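Colleague: These are the residues of each chain, in order.
There are 2 protein chains.
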Amino acid sequence: MKTPLSEKIAKRPWIGWALFIGTMAIVFVLGLLAASIVQRRTEANILNTPRYEIAEFEPRNEAWGMAFPREYQTYAQMSDTNFRSKYGGSAFRDLLEEDPRLVILFAGYAFSKDFNQARGHIYAVSDVHNTLRTGTPVDENDGPMTSSCWTCKSPDVARVMSKMDPADFYKSKWSSMLSEIVNPIGCANCHNPKDMTLRLFQLPLKEAYQRKGKDLTASSLNEMRTLVCAQCHVEYYFKGESKYVTFPWDKGLNMEDIEKYYDEYDFADWIHPLSKTPIIKAQHPDFELFQHSIHYQRGVSCADCHMPYVTEGSQKITDHKVQSPLNNMEASCMVCHKQSKEELIRNVYDRQDRVTQQKILLEDILVKAHIEAKYAWEHGATSEMMQPVLKLIRQAQWRWDFVAASHGASFHAPIESLRIVADGISKASEARLELSRVLAKLGHLDSVPMPDISTKEKAQAYVGIDLKKLRAEKEEWKKTKLPKWLEMAKERENAMPLPKRIM
Amino acid sequence: MKTPLSEKIAKRPWIGWALFIGTMAIVFVLGLLAASIVQRRTEANILNTPRYEIAEFEPRNEAWGMAFPREYQTYAQMSDTNFRSKYGGSAFRDLLEEDPRLVILFAGYAFSKDFNQARGHIYAVSDVHNTLRTGTPVDENDGPMTSSCWTCKSPDVARVMSKMDPADFYKSKWSSMLSEIVNPIGCANCHNPKDMTLRLFQLPLKEAYQRKGKDLTASSLNEMRTLVCAQCHVEYYFKGESKYVTFPWDKGLNMEDIEKYYDEYDFADWIHPLSKTPIIKAQHPDFELFQHSIHYQRGVSCADCHMPYVTEGSQKITDHKVQSPLNNMEASCMVCHKQSKEELIRNVYDRQDRVTQQKILLEDILVKAHIEAKYAWEHGATSEMMQPVLKLIRQAQWRWDFVAASHGASFHAPIESLRIVADGISKASEARLELSRVLAKLGHLDSVPMPDISTKEKAQAYVGIDLKKLRAEKEEWKKTKLPKWLEMAKERENAMPLPKRIM
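Chain order of the listed sequences is U and G. The UniProt record's numbering numbers the first residue of the first sequence as 1 and each following residue consecutively. The UniProt record's numbering numbers the first residue of the second sequence as 1 and each following residue consecutively.
Hints may contain errors.
Since the list can't tell identical chains apart, any single copy or any two copies may satisfy a pair.
To be verified - Calculated lysine-lysine pairs in the DSSO-like style (CA-CA distance at most 30 Å, straight line): (1) K479 - K214; (2) K441 - K368; (3) K441 - K276; (4) K11 - K474; (5) K316 - K338.
Simulated from the structure, these hints should not be mistaken for lab results. Since the structure is predicted, the reported quantities are computational estimates derived from the model, not experimental observations.
Next up, chain U with everything else stripped away, as it sits in the complex (with noise of 0.2 Å):
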């Protein structure tokens, strides 16, 4: 039999200091450890605690950048606009060269003279400018906008509109607020200054569930965290002769609902120029479609994705550069999936395939009708004989523009997209069937002779936009214009105090 310990210990006690030593050591590293994560929680309560004053409106980044130097420097970085995507990357893709069929379905509205994909929000105030949407106002009273197609660019909107009544704001012309609103969507958009909670700051989100009589304040971090989204990311339109900025919810979120509620107004935003059809242009319904998507019913946000937590130096904080998860893979997708890289993309790409594939067959057969259209009432159709078609053209544009104008529809809600296209296929589909009955009737046996629209050039020149100048036109303008509004922005805004160091 071996020797118990004890009495080895016993007879030689430097075996019992080396357990001493040993575990003093152990001890010894454990109470660094604790220190450590105290030492990161002290740290993270200081830099959380807000330094600076920040006013209640105020409306510049970099002034809120003083206190919250991290989080600013990830919103600055939206200013690169290079991103993964099956396009290939970067800056100003123009939609309407990459698809001419968009000139056809928007003649008649500002998107068929310009349409380029959507930049970060840093570029919100910019882009306005430079879109020949918003025309070349002269003065204070000119121009085609109106003051409701700020709403969403900036935070100076709720500034302005704390000292004026909403609907004198929405009804002013664009151009009066050229010297207001400077400053791109940003952090007074979503956060409270006094403790950086989220807030929500635009004024339609809040009156929509009002009328909805749904409370917002009892909404969760992470409801909140796609809330904020919420108040621009959606459906709405501008109601009434004072533009309104008003969200069609009182049916419902889905499609249908929001047809329902437009149809029952007899809403359009304007008349079609071939076909005659009152249409509803959708705007983005991305909150609406995303209550169709998995990620939204398992409780996901939009932060999560978009503007997931990393971390900086010894600092949790949420990335600001808001942006295409594929951009940003590690810290957005691959927190949940445990797949490679290159398989979530083909996922993902195999989604927004699909969908675009029939959307595309959907824009295709909506061109048409409305060429056909356009055919119909040249060679003497009647208003009575065109009504019915004139309505599945209005349904067909708005199942088609429903899914087209929402961002990441197709991956957000790939099933609730094609339910939708494949809806339009078919309404569309049946307002050509109604036109080949129409123009029967008038004695027209064969197709409709149907022009080249295969470029964005040839489809411009079909619909009658001189492209050529009105970019000249809006050059000279941000050239004369422009730098006057601004100048007198810059110094209002010099006049303005800085947030104030408190700590």
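With chain U held as given, fit chain G onto it using these hints.
Modeller: Below, chain G alone, put in the same frame as chain U:
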């Protein structure tokens, strides 16, 4: 200073003994646990080693059941046809009654007479006796069907085929095998009787992969848990004079690939009597659409959900009651998904509802196209005028049927299903547009009168089916003719030896 442990032990030896005995106790319990594991392994080995020698082509499931009573017991539970479905439970769901459009779409084809929802494998043979589709053959050389129809119904098929040329089998009359094929789909279809490993027993799948030069012997167990199902749950057709059962996969497994394959052969299952369209009947392209399922793409096999592992006493066995996973969610879905049963069911129904909505819409358009084509033929349309119409109807019906005929398509692959249905809607609508032009040229400007097909009875009357007569004939046949063949089968099987006990 306190006394060190070593000195304490030296003074009081009972402390050392306590430590020693405590350790022994723990080691003893560990030993018990290890023994229990070894014992269960041994038990598993014994139970998984066949104690009976089963003949190579043993078709009788009860005979296999002697060796594997646990698995056989779950197999036998398939006679219970109650299952969870939004359509309510069980047994014979008459699909023609639920959706009389099917009578029009399948006019001229046996499915327009009788089309019930598939029941479990255990009913495979008796349902084939029962259905009006197989007619009432008076002898071995009579009846509408060939033995190719038997291919997937029974393990007797491979047994019979082992004794004759496959081509001779396929082209023989269905009635000629009534005394040979009596055991429903079961053990031998998937298992090697020597060692119970999974094997591919059916000829057509092996031949399809051989043509593609693909070796299936390297398949993993989990791949086999899908491939054994793919022996039958696929698109197939009866090729040439001998009605040789063939999988049309040479160009790929996608809907368009298979269509291209058929088009190259100018293949048609039948000529539709209303529109005179050469129709391809989709069988059940389950495996093909499953390729587009996220479950398949993440490595989930058919058996994982439809035949999940369960614990039966001390044994982990595969549940051989092949059924909808919704019927057994704890053992299927909920092994991976941590949501509530209610939420998961809602997710399934959400997908199914969306696909169904658009599928029904496509049916409506297709039905009209068939009837309008009939009207056009009756009013002087020429083959030349109708050719583009018929091509479109063929394409549209193929797209519809590819989704409609596939079991579980709308859950397995809702996105691909909706893509296909949307494509079908555009083709069927285009057919109607072409038809309206054809009719206009023939002087018919108004819409074509539609028959009342609001019930199965009305629809069957319209296509000239006398259901009462067919049913009476079938009942008479089951009473007077069928028993003779079944008696012959019984005598033959009684002479077959039962499996021999070998341990």
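Colleague: Please work out whether the CA atoms of K441 and K368 approach to 30 Å or closer within one copy, between two copies, in both situations, or in neither?
Modeller: Classified as both; 19 Å inside a copy, 21 Å across copies.
Colleague: From the Cα coordinates, with 30 Å as the cut-off, is the pair K316 and K338 best called within, between, both, or neither?
Modeller: The answer is both: 22 Å in one copy and 28 Å across copies each meet 30 Å.
Colleague: Between copies, within a copy, both or neither: which fits K441 and K276 at Cα up to 30 Å?
Modeller: both (20 Å within a copy, 28 Å between copies)
Colleague: Check K11 against K474 for me: Cα-Cα at most 30 Å, and say if that holds within a copy, between copies, both or neither.
Modeller: neither (97 Å within a copy, 100 Å between copies)
Colleague: Measure nothing new, just compare the shortest in-copy and cross-copy C-alpha distances for K479 and K214 to 30 Å and report within, between, both or neither.
Modeller: Intra 47 Å, inter 67 Å, cutoff 30 Å: neither.
Hint check: violations occur at hints 1, 4; the rest are consistent with the structure.
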